[in-house]
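Work the whole structure out from these sequences, hints included.
First to last, the protein sequences are chains A and B.
Under numbering that gives the first Met the number 0, read the first sequence as residues 0 to 268, first letter to last.
Under numbering that gives the first Met the number 0, read the second sequence as residues 0 to 649, first letter to last.
Worth flagging that the hints you see were computed from the coordinates, not collected in a lab.
None of these values were measured; they are calculated from a predicted model.
Note that beta-carbon positions come from the ideal geometry of N, C-alpha and C, so glycine has one too.
Honestly, I wouldn't trust all of these hints.
[Unchecked claim] Covered, in the sense of this in silico footprint (three residues per stretch, anywhere, with C-beta under 8 Å from a C-beta of chain A), are these stretches of chain B:
{"no.": "1", "segment": "160–171"}
{"no.": "2", "segment": "186–192"}
{"no.": "3", "segment": "420–428"}
{"no.": "4", "segment": "532–546"}
[Said to hold, decoys possible] Listed below are several chain B residues computed to face chain A (Cβ distance under 7 Å; list not exhaustive):
{"no.": "5", "residue": "Leu475"}
{"no.": "6", "residue": "Phe563"}
{"no.": "7", "residue": "Ile588"}
{"no.": "8", "residue": "Gly593"}
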Amino acid sequence: MPDVVVETRDLCRSFGGGRRLLGGLKPLVRAVDGVSLRVERGRTLGIVGESGCGKSTLARMLVGLLEPSAGTIILDGKPVDERKRENRLDFHRKVQLVFQDPLSSLNPRKTVRQILEAPLQVLLGMSRAERAARVTELMRLVSLRPEFVDRYPHEFSGGQCQRIGIARALAAEPALIVLDEPVSALDVSIQAQVLRLLKDLQQRLGLTYVFISHDLAVVENICDRIAVMYFGKVVEEGSKADIFRRPAHDYTKLLLASVPVPGRRHSQR
Amino acid sequence: MTSLALDETGDAPPRSRPSAWNRLSRNALATFGLVLVVAIAAIAAAAPLLPLADPNATDVANRLQPVFSDGHWLGTDQLGRDILSRLIWGTRVSLAVGIAATLVATAIGALIGLVAAYYGRWTDTLLMRGIDMLMAFPYLLLALAIVAVLGPGLLNAMVAIALVNIPFFARAVRGATVSLVTREYVDAARLCGMSNPRIIAREIFPNVLPVIVITMSTTLGWMILETAGLSFLGLGAQPPQADLGSMLGDGRKLIVTAPHVATIPGLVILLLVIGTNLLGDGLRDVLDPRLKSGALARPMAVTAVDASAGRPAAGAPNAAEAPLLSVQGLETHFVMGRAVFRAVNGVSFDVAAGEAVGIVGESGSGKSVTALSLLGLVPTPPGRIVGGDIRFRGESLIGAPLSRLQDIRGNRIAYIFQDPLTTLNPLLTVGEQVTEAVRRHQNLDSGRARQWTLELFERVQIPRAKERLASYPHELSGGQRQRVGIAMALANDPDLIIADEPTTALDVTTQAQVLKLLDELRRERGAALIFITHDFGVVSELCDRILVMYAGRVVEEGPVEAVFADPRHPYTRRLMACVPILGEPERSIDAIPGLPPAVNRLPPGCAFAPRCPLVLDACRHGEIPLDRLGDGRAARCIRAQESDQESSDA
Chain A
0 MPDVVVETRD LCRSFGGGRR LLGGLKPLVR AVDGVSLRVE RGRTLGIVGE SGCGKSTLAR
60 MLVGLLEPSA GTIILDGKPV DERKRENRLD FHRKVQLVFQ DPLSSLNPRK TVRQILEAPL
120 QVLLGMSRAE RAARVTELMR LVSLRPEFVD RYPHEFSGGQ CQRIGIARAL AAEPALIVLD
180 EPVSALDVSI QAQVLRLLKD LQQRLGLTYV FISHDLAVVE NICDRIAVMY FGKVVEEGSK
240 ADIFRRPAHD YTKLLLASVP VPGRRHSQR
Chain B
0 MTSLALDETG DAPPRSRPSA WNRLSRNALA TFGLVLVVAI AAIAAAAPLL PLADPNATDV
60 ANRLQPVFSD GHWLGTDQLG RDILSRLIWG TRVSLAVGIA ATLVATAIGA LIGLVAAYYG
120 RWTDTLLMRG IDMLMAFPYL LLALAIVAVL GPGLLNAMVA IALVNIPFFA RAVRGATVSL
180 VTREYVDAAR LCGMSNPRII AREIFPNVLP VIVITMSTTL GWMILETAGL SFLGLGAQPP
240 QADLGSMLGD GRKLIVTAPH VATIPGLVIL LLVIGTNLLG DGLRDVLDPR LKSGALARPM
300 AVTAVDASAG RPAAGAPNAA EAPLLSVQGL ETHFVMGRAV FRAVNGVSFD VAAGEAVGIV
360 GESGSGKSVT ALSLLGLVPT PPGRIVGGDI RFRGESLIGA PLSRLQDIRG NRIAYIFQDP
420 LTTLNPLLTV GEQVTEAVRR HQNLDSGRAR QWTLELFERV QIPRAKERLA SYPHELSGGQ
480 RQRVGIAMAL ANDPDLIIAD EPTTALDVTT QAQVLKLLDE LRRERGAALI FITHDFGVVS
540 ELCDRILVMY AGRVVEEGPV EAVFADPRHP YTRRLMACVP ILGEPERSID AIPGLPPAVN
600 RLPPGCAFAP RCPLVLDACR HGEIPLDRLG DGRAARCIRA QESDQESSDA
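Below is the structure:
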């Protein structure tokens with residue numbers, strides 16, 4: 000029996016709905032519409048799809064930033080109930096998020112130390128000395144010099160900021176890290192550094208990832224299983240080899256055919 | 000598995016931007032305001048220490064002494080009190096009340112604004128509608144009513160003034176906070192388990208502080224004026240206490256017989272308010288992030304060109320044999336403070352008629368600035384073209400008059416930008432905008448221009464083209480907007496299309512459609528293409544020739560297939576090794592250690608040397624020339640000719 004870290008059952012989230020002041024219904028958008036997925040420990044699940052397919056909404060529900068309209072998230076075998084603050088803190092200890100935009104996910108008026116200490120202090124209740132030691136350890140883990148810990152985010156490059164974001168997610172030693180387009184704002188050479196780091200960390204620490212991206216080549220490179228989303232639904236899910244070599248759904252086929260490949264010309268002239 | 004080397008390149012860059020204090024002191028009016036306010040405040044604060052007469056001691060025998068009379072420099076008032084003493088003590092009171100009222104209004108207003116914006120929904124509705132109700136009363140009337148209820152007196156006047164100014168602060172702070180609440184770092188703070196009050200206090204408040212300071216500094220003068228107003232009406236300071244408003248009110252009746260009694264406090268109010276307002280405006284200019292980024296500096300319609308640039312090279316070919324576009328030694332710099340950013344650093348290339356050239360590089364490599372320099376579209380300030388020449392059909396475009404450039408822009412050379420949402424005018428329909436581009440360059444009446452626009456829309460496969468003419472940019476999807484961008488670029492049958500990352504903002508399926516369309520239409524009309532991108536896949540799809548840029552220079556060029564099959568510059572090779580390729584999941588992606596150099600501190604020799612695995616001593620000195628390798632290929636590397644570089648790498 001595989002060791003499942005997180006499982007979603009018929010997860011739904013809709014926006015809008017309800018009534019206007021003068022009668023009439025507001026339009027209802029089903030951003031995520033009945034998604035059931037499971038992620039095994041130490042593996043990476045890729046979620047691909049185009050803008051508006053609901054992948055970011057799914058990510059926000061998985062980390063507890065957004066409450067599902069329906070369905071359940073089962074974490075380590077227990078359904079998550081976010082209504083109590085204590086449960087929420089427990090949830091945040093187990094699941095963390097790495098954001099897309101490295102710079103806007105770091106508060107410009109806080110030093111790296113303050114940013115990294117926040118989860119240690121609030122989620123783990125560490126003492127000052129413990130926090131200092133852990134912050135140094137985290138900086139080393141993401142290959143940043145510990146001396147830079149008292150600098151502000153704008154003094155770092157985009158790739159370095161994303162490493163700080165990854166260090167913050169790692170801080171509380173979560174069971175699952177959700178990565179929402181973690182490399183799409185980065186240049187290719189920096190993107191490669193971050194992807195290497197993520198793979199390296201996964202091997203060393205046995206991390207579990209949900210990797211959300213629109214870039215199929217990146218997903219193919221880093222993920223074990225892949226779910227393809229289209230208009231809020233998972234249209235196809237399977238192992239990497241199945242999805243990329245033998246796509247079953249027409250939308251998956253279209254996606255794969257649309258990706259330009261270096262050194263290859265698709266269009267016949 | 001090799002672990003990543005520690006980042007060696009994280010040294011803090013030297014501050015090239017002048018500090019806030021420097022910028023404030025450079026603003027002459029703000030400095031004047033600051034000096035004025037500090038001088039007045041210092042004198043008022045020192046009142047107990049100064050050898051002043053008792054401000055409240057009456058001496059009816061010496062009433063209404065004129066200015067410069069013995070013992071009374073500024074004369075006396077109707078009760079014989081020393082005006083200088085009353086003025087200084089009065090200024091002290093007025094300043095204290097004004098500042099106190101500002102602080103109270105700021106504290107309450109900012110709190111309401113923060114809470115309303117952070118919690119949103121019904122909290123926001125409730126609080127802000129309350130604020131609206133407060134604003135619905137004429138504020139002087141409201142202040143009068145408050146004083147009427149609480150009774151006259153300085154403290155009550157201060158309360159009244161603070162209260163009526165709360166809405167102003169609440170709205171300003173709410174506006175600033177609303178845009179911060181959706182920032183990702185607020186989400187990150189939630190994920191760190193922080194409670195809502197803590198997020199407001201620790202994460203959001205420091206970021207709205209500049210807005211609060213700006214609002215305070217621009218309102219302080221107003222508050223002092225209002226305090227004076229209430230005292231003038233007899234509702235503030237009560238006799239015998241002096242403040243500027245009550246002194247003005249007392250002197251009002253004597254304006255004919257003893258004008259100095261009213262004029263002097265009036266002048267002090269004037270100076271104080273002018274001082275605070277000038278200082279406030281100066282502080283706003285310094286602190287407002289939108290102004291800081293240079294929104295006030297209006298760029299000129301054409302990039303400034305230094306005299307050294309644009310001199311025709313010896314033996315320039317005549318127009319008949321010249322390539323369509325020839326760029327020679329182009330240098331475009333950005334001057335910010337004392338730092339010079341060499342964004343484009345001696346770029347040369349030709350584009351033949353009908354040819355598609357891809358320019359590839361990472362951000363900051365100078366690819367976009369190169370493209371914008373061609374028609375003088377780099378904003379000045381801070382950009383300047385300091386060297387080189389650009390020839391289009393043999394005609395030099397550098398230093399060409401604006402009218403000539405405008406005839407070429409959008410006509411012979413057309414641009415397609417990354418996201419048309421930011422380049423299309425949101426207030427005009429897309430049909431109007433394309434028609435305008437047509438009529439600027441072609442002598443067509445409006446009916447025929449519209450007809451041509453419709454044809455263009457059909458050519459770029461916009462569904463229901465006729466209806467779409469009347470759509471506004473925001474009503475179209477990203478892919479449709481980019482089709483409009485292409486239609487506009489094609490409007491005047493250009494000889495050269497410059498496309499700057501036109502599909503980066505699009506989904507991959509839309510990107511495939513748009514690229515196919517662009518390629519077909521370009522070939523159909525024989526237009527040349529300069530395609531700027533960071534995506535090797537897109538270049539392969541579209542281009543004949545490729546230029547790879549790094550730190551403002553072309554480091555490699557050649558036919559696309561040849562460069563991909565056998566890159567000769569180590570940067571090209573390492574960059575290609577970074578890219579995951581679809582269908583090759585087992586390919587290990589190799590990161591390039593370190594970061595690209597800052598273009599204001601370029602190392603001597605090869606800019607890639609610090610990151611290069613094949614580096615030699617010779618790489619770090621002098622100018623590395625572009626080595627012509629034959630078959631149209633070139634690489635700016637002293638080891639470009641070595642065969643089998645990879646084995647020496649291992």
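Results for each hint:
1. 160–171: violated (count 0)
2. 186–192: Since 7 is at least three, the answer is holds.
3. 420–428: violated (count 0)
4. 532–546: Coverage by chain A holds here, the residue count being 8 at a Cβ distance below 8 Å.
5. Leu475: Nearest chain A Cβ about 15 Å off; hint violated.
6. Phe563: Holds: closest Cβ of chain A sits about 4 Å from B/Phe563, inside 7 Å.
7. Ile588: It holds, given that the least Cβ distance between B/Ile588 and chain A is near 5 Å, below 7 Å.
8. Gly593: Result: violated, 9 Å to nearest chain A Cβ.
In this structure, the earlier hints numbered 1, 3, 5, 8 are contradicted, and the remaining ones agree with it.
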